[in-house]
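Guided by the hints, dock chains B and C onto chain A, whose structure is given.
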Amino acid sequence: MKHVIETKEVAGSPNYHLTTWKKLVDWAVNQSRANSLWPMPFGTACCAIEFMATAASRFDIARFGMERQAFSPRQADVLICAGRLPFKLAPVIRRIYDQMPQPKWVISMGACASSGGIFDNYAMVQGIDTIVPVDVYVPGCPPRPEGLLYGILLLHKKIKGESLFDAVRRRDEQLLDEHGLRLPPAEIDEVSEPFGNSVHQFRSA
Amino acid sequence: MNPTVGALQATFGNAIGRASDMRDGWISVTVRADRLKDVMTWLRDHPEHHYDYLVDVTAVEYRDRERPLEVVYLLRSLARKADLRVKVELDPRGELAVDSVTPLWAGANWLEREVYDMFGVVFAGHPDLRRILMWETYAEGYPLRKDFPLRGRFSRAEQVRQALNVNPEANYSMEELSIAEAYDELPADMRERLRRGDRGKVRESE
Amino acid sequence: MSKRTVELELATPGVDAQGQPTRVPLVADEPDLGGEHLLINLGPQHPATHGVLRLVVELDGETVVRVIPHVGYLHSGFEKLGEYRHYNQIIPLTDRTDYLSPMANNVGFALAAERLMGIEITPRCTVLRVIACEMSRIISHMVWLGTTAIDLGAFTPFLWAFQQRERIYNLQEMWTGARLTTSLTRVGGLMADIPDGFVEGLREFTRTFPDTLDEIDRVLTRNAIWAGRTQGIGVLTAEEATNYSLSGPMLRASGVPWDMRKDQPYLGYETYDFEVPVGEHGDVYDRFLVRLEECYQSNKILIQALDRLPDGPINVADPRVILPPKSRAMSDMEAMIFHFKQVMEGVKAPVGEAYVGIENPKGELGNYLVSDGTAKPVRWRIRPPAFINLASISKMSEGHLLSDLIAINASVDIVMGEVDR
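Protein chains in written order, with the numbering used here: chain A, 1 to 205; chain B, 1 to 206; chain C, 1 to 421.
Hints listed in this document are in silico derivations from the structure and should not be mistaken for laboratory results.
Just so you know, even glycine gets a beta-carbon here, dropped at the ideal spot from N, CA and C.
Do not take every clue at face value.
What the hints assert, rightly or not - Some residues of chain A that are not near chain C, with every Cβ distance over 10 Å (derived):
#, residue
1, E6
2, Q31
3, S36
4, E50
5, D98
6, E178
7, L183
Claimed, not checked - Now the in silico label distances, taken between C-beta atoms and shown as ranges:
#, chain 1, residue 1, chain 2, residue 2, range
8, B, T11, C, Q163, 55 to 61 Å
9, C, P310, B, M22, 29 to 35 Å
10, C, D263, B, A7, 35 to 41 Å
11, C, R4, A, V29, 56 to 62 Å
12, B, E192, C, E173, 23 to 29 Å
This is chain A alone, in the form it adopts within the complex (with noise of 0.2 Å):
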């Protein structure tokens, strides 16, 4: 459920000068932030191949602004998570995602980076929501460029609706806790259960 508290100003109120001025800044800065976002394709299996080919010439990112791929993180603006994450890969990520400066956003693309996708084994991370805070997760295996493309989409809508102003609206970083994870462990075994096939992992004839 979604709760949208948006105050009206009426001209001649006090604040009307302040309110509107406020919006105008989130507006510029949300288009030039949306519209220009660096990913930092951090591509690991067969979704990174289609993120090739989205950005080669027949899909082409480029028009939606991806126009650089940053390969160092301290320039890039978006981390696209492109295919499966195991374990052995984890603290990369979660290195790589903090050395990204604000603002940063998440995109993780393909089945195995949202929920672990057909590898439901010990080597996989179920899902890097489990390591970093993800924006859009974007299914698929692998995902068309063309889904690619409508998540990179529904970012920039994401990022068109943030605010500087409105904390609950606002882009902060999410650190690890003392325990050097991201959610609680109940959490974390909650989301990683086992579903469809692998469910039967102990009948192996």
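Just chains B and C, lined up with the frame of chain A:
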């Protein structure tokens, strides 16, 4: 029947077990673990057989606990276009150790490291036997063993916690650290930590 | 057998008259400052490592003393997962190992499963699988070409190569419904027959594809920068290549004429007329020439396969292995029982084991299946060509410069999904 098998049985006698035809047309021959090095050297260097190409090294553990754990070597002679499968049988409940063939075929280096990582088979004489696919301080066990469950032994939260605690820069081998040369001069507890595979964590800045 | 010799006149050639790489030495009057070696970390997140590969490089100035590759950052537990899946359920897993040439992986696994079960596929299925393998070879080499060119500074061939890939992707999508994760084969046949328009589309592709290859050839082969950066780099002799168990273009560029399609043929490859390019020097330039020529030869094989495509069924006529058509499964009792048994229990393989190696674009892809009589394999081992080829990188890069290391890494043609499985 592959002519190699007859020659093997003539040369090595009872170190060679039964030879059988496999479904793919290869011949598979079992060798006793203690004579493996000699047999492999003979197979590679004998001018008539000359298996100069190692196709694969892997291990197979059966669901039937009574069957041995087999370490399987797939050999090929490029000149004669001949293939041979050599198996060494180990007790799955006992200690898993076999000689390394890395001195004979350099391609066996990483293949044996992977068998060690996945099954826990120790290859004696391997230049650098450490985990290759999992991280070095991986504590859950050997994944491809049949008593290792598909989703691992620990809970998901515990796996995430352990994975995030691994310092991504610290997985260096002894070879990479120049302290390898000065190993004997290190303090005893540091040597113990390095021997266990714990390459240390980056200290938090004060 | 034809021989192609490339003659180049370079102002500062990469190799001198004896074939040794030339290095312009830094002349300095100061004594050698000594200093320690630098240990740097390339990866696992790096644009030029072709995936999540970590290279720990020990440098003396800019010369590489030692390279130690660390893999396993994409380890997904495929082989463990395969022990809990039926044979047909493993086919989608094979797409995701070498995701640059998915149909070739599907074919490799299906051949191993069929060898284990003793099934012989139909003639139409054989030719269609050859078409699938060669299409996969083309798209894999196009990725290799594009990314290697980008690593060495040439951006345009990447776009040309990916444009050709999009045409093959259209055909793959027409046939299987998916651009990348095709899951084309089933044990005993294929998922579906080729649709109308596929043959014309593929013929159109084979007509114009050599033009793109000629363009790339024109841009790169006689280019002074390209030749200077790739000749004499990462040399492996034939003995070393055999000892390191290399396969595919890496092995052939070093002069060893081993190709699974010619030497241990499968799918009727011995009846096709094609040549296998073999290099001479074993350096990065030779690997580039070998892969480029393989694309021409794949095109040739595709034309022949399209010409000889026979009519007939694609699936073997064994109801225990192939699902009956849905209409019969809903109306005929026997067909319903066969459908039920296959879906609920899976197809049981006889006790035994089989290894089948095929010529993947990266090298020899082998699938080793061990069965104990049940529907799920006891052991599924993928013999990964990229993993074994990658192990030789430390031997190849000693003494080269850091920028050469990037060229050498690119020439191995790795795909981390297959390296780590």
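(request) State the violated hints by number, sorted upward, taking the hints as numbered earlier in the document. (result) 4, 10 and 12
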